[in-house]
Amino acid sequence: MSELLRTEALTKRFRGLVANDNVDFTLDAGAVRCVIGPNGAGKTTFISMISGHLTPTAGRLWFKGREITALSVARRAKMGIARKFQTPSVFDRLTVDDNLELAALGKPVSASERRASIEEVLEITRLRDVRRVVASALSHGQRQWLEVGMLLANRAELLLLDEPTAGMTAEETSATGELIRMLADSRNLSIIIIEHDINFIRDLKAPVTVLHLGRVLVNGSFEEVAENEQVRNVYLGHE
Amino acid sequence: MSEKTTTASAAMRLPASMRLYSETTVAVVIFVLLAALPLLVSGYSIYILPQYLLYGMLAMSLGILWGFTGILSFGQAAFFALGAYAMGLAAKWGVTGNPAYVGLLASLVVGAGLAAVVGYFLFSVGVRDVYFVLVTLALSIMVEQITVSQSQITGGYNGMFVPRFSLSFGVGPELDLSSDAAIYYVILPVVAAVYFLLRWLLKCPMGKVLVGIRENEDRVISLGFNTSLFKTAAFALSGAIACLAGALYGVHANFVSPSLAGVLFSTEVVVWVAIGGRESLLGALFGAVGVSALSNYLTAVIPEYWQLVVGIIFVVVIVGFKGGLAGAIGRAFGGEARNGGRE
Numbered sequence: 001m002s003e004l005l006r007t008e009a010l011t012k013r014f015r016g017l018v019a020n021d022n023v024d025f026t027l028d029a030g031a032v033r034c035v036i037g038p039n040g041a042g043k044t045t046f047i048s049m050i051s052g053h054l055t056p057t058a059g060r061l062w063f064k065g066r067e068i069t070a071l072s073v074a075r076r077a078k079m080g081i082a083r084k085f086q087t088p089s090v091f092d093r094l095t096v097d098d099n100l101e102l103a104a105l106g107k108p109v110s111a112s113e114r115r116a117s118i119e120e121v122l123e124i125t126r127l128r129d130v131r132r133v134v135a136s137a138l139s140h141g142q143r144q145w146l147e148v149g150m151l152l153a154n155r156a157e158l159l160l161l162d163e164p165t166a167g168m169t170a171e172e173t174s175a176t177g178e179l180i181r182m183l184a185d186s187r188n189l190s191i192i193i194i195e196h197d198i199n200f201i202r203d204l205k206a207p208v209t210v211l212h213l214g215r216v217l218v219n220g221s222f223e224e225v226a227e228n229e230q231v232r233n234v235y236l237g238h239e
Numbered sequence: 001m002s003e004k005t006t007t008a009s010a011a012m013r014l015p016a017s018m019r020l021y022s023e024t025t026v027a028v029v030i031f032v033l034l035a036a037l038p039l040l041v042s043g044y045s046i047y048i049l050p051q052y053l054l055y056g057m058l059a060m061s062l063g064i065l066w067g068f069t070g071i072l073s074f075g076q077a078a079f080f081a082l083g084a085y086a087m088g089l090a091a092k093w094g095v096t097g098n099p100a101y102v103g104l105l106a107s108l109v110v111g112a113g114l115a116a117v118v119g120y121f122l123f124s125v126g127v128r129d130v131y132f133v134l135v136t137l138a139l140s141i142m143v144e145q146i147t148v149s150q151s152q153i154t155g156g157y158n159g160m161f162v163p164r165f166s167l168s169f170g171v172g173p174e175l176d177l178s179s180d181a182a183i184y185y186v187i188l189p190v191v192a193a194v195y196f197l198l199r200w201l202l203k204c205p206m207g208k209v210l211v212g213i214r215e216n217e218d219r220v221i222s223l224g225f226n227t228s229l230f231k232t233a234a235f236a237l238s239g240a241i242a243c244l245a246g247a248l249y250g251v252h253a254n255f256v257s258p259s260l261a262g263v264l265f266s267t268e269v270v271v272w273v274a275i276g277g278r279e280s281l282l283g284a285l286f287g288a289v290g291v292s293a294l295s296n297y298l299t300a301v302i303p304e305y306w307q308l309v310v311g312i313i314f315v316v317v318i319v320g321f322k323g324g325l326a327g328a329i330g331r332a333f334g335g336e337a338r339n340g341g342r343e
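So the sequences go chain by chain: A and X.
Residues in the first sequence are numbered consecutively from 1, following my numbering.
Residues in the second sequence are numbered consecutively from 1, following my numbering.
What the hints contain is simulated information worked out from the structure, not anything from laboratory work.
Among the clues, some could well be false.
Unchecked claim - Covered by chain A, according to a simulated footprint, are these stretches of chain X (three or more residues, beta-carbon under 8 Å):
1) 86 to 97
2) 201 to 211
Claimed, not checked - Some chain A residues flagged as far from chain X (calculated, every beta-carbon gap over 12 Å):
3) D24
4) K84
5) E101
6) E147
Heads up, the beta-carbon is just placed ideally off N, CA and C, and yes, glycines get one too.
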């Protein structure tokens, strides 16, 4: 597998607070990675620097072999980095169809290709029955899926999912896990997930990166991480 | 995902194509009726109606910006006045070719150009919301002041004469616009064309991106769009339309003066659009026509209180009908306000 994303000594300081401290991170194409850590560990700061919503104080990033440290959010999105926000960020007053179409318009493809990809996304996200419903009338879980669907319609290659299962029922959470696995396995998408739901992370069977006080504490499989003494102290021990 | 929300939202399903179709039908019927009007009535109504329609065109220029892109401008009058001055100067300077066409072209270039330059510098550094409003307010004041101070060119407070040109079409006789019916039949198709052009634009990808910016600009940026370019384009289009409306207004009124650029008139435009319904072009258009006609009537009947009456209507519509009269009508006929939404 080829390397898709790399960060080198990525650091973000907010006045006195060091939110991210020398984070070195690599992700291959088609790989899934869970980023976990207690509140304030710097998880959202980390993906905000990948998406371009925050500028690093120091350090550099590469995406598909190209340095993106200085690129804007829109430029990175054009290159294929798409972000799902912690609270679903969709177009509330537009229909599901219009939401997806607008997302699809972000990349230069023909109108027929666009329509085809919207149909496909409606299928994957199980939103076909509500395609003409305005986003504000959807359930919380459906809104989360709509936002993921928008990233797909936008032809993203790297999905940054900030707490994708927040507010979901157990059933919806497990369906989300299956969706993420499918996107990585059969569509070769790379996915970085921030999550708090330990069961969800375990079921995902993806490598885990633990952040603590802005630093990478440990990388490894869920089992390795779960048994790590340091991790138990800082994170799992407080569950 | 859950059964309950699916059925609940089925009731909210919006037959979007049907509603668009019906607004287009309403628009076509109104424009056809307006086209037939001079056959039925004559005199003052036919003289004054083109003026109201140009106010309506000015209101649509704000509608596309405020109602569909989410950018409020208090500078529309500045563009309107610049268009009228462009026509006056084209006649005064005796430019080569038909000065009417030169003036109209100049108004489009000036309107789009000024808005593009101002918009680009503001939007690319992230000027938004109320800060943008303040800059457009200043734009109105600046244009008004410049037209006052450059009196050797503009005539200052005395204003400037704008002739009713004759239009030549290459073949056939020239069309003399001095008759009310002639200029009516020039202005009405232009206003209708602008309306349908904007409706078409809103169905294009660009229009969808603009609505997206109105709804959630950060999301649009995160999908890879350079929103400052789209906003600049919307402002340039708005400026061009406002300027063109002003150019025709100058010809129709035979006159332009600095107050046409002023903040007071700019504010009136915002009031028309708010009353008519900012998320409907037809609402903006006939908000302007209706409020100006009513104001005109009231100045004759109750000269001391007409502004109070218009003010009360404004407050009632803002408080009582979100989405203006167009939004209220839309809801009354079963659908929701345009673009499927309540506030």
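Hint check:
Counting residues of the region 86 to 97 of chain X whose CB lies closer than 8 Å to any CB of chain A gives 0, so the stated coverage by that chain is violated, three being the minimum. Note: the region 201 to 211 of chain X has 4 residues with beta-carbon separation from chain A under 8 Å; the three-residue rule is met and the coverage holds. Separation of D24 of chain A from chain X is adequate, the least Cβ-Cβ distance of about 25 Å exceeding the 12 Å criterion. Distance check for K84 of chain A against chain X: the nearest CB is about 9 Å away, which does not clear 12 Å, and the non-interface claim fails.
Distance to chain X contradicts E101 of chain A as a non-interface residue, since its nearest Cβ pair spans about 7 Å, not more than 12 Å. The Cβ of E147 of chain A sits about 9 Å from the closest Cβ of chain X, inside the 12 Å cut-off, so the non-interface label is violated.
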